[in-house]
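Peer 1: Sequence:
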Amino acid sequence: MSSSVLLLGASGALGLEIAKRLKRDLIPFRAQTSSQEGMAKLLPYTNDIWVVDPANNPEEIKDITLGVDAVISGMGKSVSLFTSSPDTFNEVDHVGNSEVLLDALKNKVPYYIYVSIKEAGHNDDFAIPKNHKKFEDKLTETEIPHCILRPVGMFSGLHDLAIMAKRNMIPIIGDGEARTNSISQDDMAEVVITTLKNRTTGVQLIGGPEIHTRFEMAEMIQDRFGAKIVKIPKTIADIGAFLPRFFDKNFYDKINFFKYITTHDMIGDKHGVMTFKQYLQGINENDLP
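In terms of UniProt numbering, the sequence shown opens at residue 1 and continues consecutively.
No lab work stands behind these hints: they were computed from the structure.
A portion of the hints provided could be inaccurate.
As the list claims (entries may be wrong) - The following label-pair restraints were derived from C-beta to C-beta distances:
#1 His122 - Lys166: 30 to 36 Å
#2 Leu66 - Gln222: 46 to 52 Å
#3 Arg199 - Ile232: 27 to 33 Å
#4 Leu288 - Phe215: 18 to 24 Å
#5 Asp63 - Val273: 21 to 27 Å
#6 His122 - Glu177: 18 to 24 Å
Computed from a prediction, not measured in an experiment: that's the story for all the values here.
Glycine is no exception: its CB is placed at the ideal position from the N, C-alpha and C atoms.
Please work from the sequences and hints to get the whole structure.
Peer 2: In structure tokens, the structure reads:
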């Protein structure tokens, strides 16, 4: 397949895996990242790199979609509790993506893939799914053929638990019986590439190959890092999610949604081959902050 693709959020955990596979499959692509550090990560895969922040500098993305026949967006604000930036989820997930969509409409891009999240459209009380859904709605309102991929969670999003395990604590909110089949970013990238090649349309709920309870996953992390599992009652977690709001709205949004997804089932259609235990074995403890 010969194609020219714009990859948004190309230097993120998922974006880099997509970039590797686009290069592997000889699909030429343009990459967007918001930092020079991101550009350095992408140079092994493409020389067509735009270092630009669509939300804060929309004038700089003019014609970023010119000459491409598909857009893949994995662009979104990090949900990690250990990363911080002043931009809100509305600015990155909604406004930033919307600015690129306007450019795509102007340049008549014929196909679009948006990597959203499972809870988009179901939990507008939370900023993270709410702003994913706001962009989903804008994309759906256009006449561009598109596919919305909603992963139930990715292993890279569980790095916070590995970071806490390095500090000898693995927190479990509630009884730990909520189930999920999160997917590795490697396998998720393969789903994206298959979607691109097949020009799949519609909404798909994406999960990984195995379903585990949150407690079972905590035990795997314990086996890997030797940390202590600490159960936190929901009532105490509710208080903890409320207090940070006074200091950092973004942190409040993250921890409040983290509490929700770890106490409710998050299950999607099974894809991929990498298990959570295999993924944990590949983590270099020295790379964790």
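Peer 1: Would you mind marking each hint as holding or not holding in the structure?
Peer 2: Hints, verified against the model:
no. : hint                        : verdict
1   : His122 - Lys166: 30 to 36 Å : holds, 33 Å
2   : Leu66 - Gln222: 46 to 52 Å  : holds, 51 Å
3   : Arg199 - Ile232: 27 to 33 Å : violated, 45 Å
4   : Leu288 - Phe215: 18 to 24 Å : holds, 22 Å
5   : Asp63 - Val273: 21 to 27 Å  : violated, 39 Å
6   : His122 - Glu177: 18 to 24 Å : holds, 20 Å
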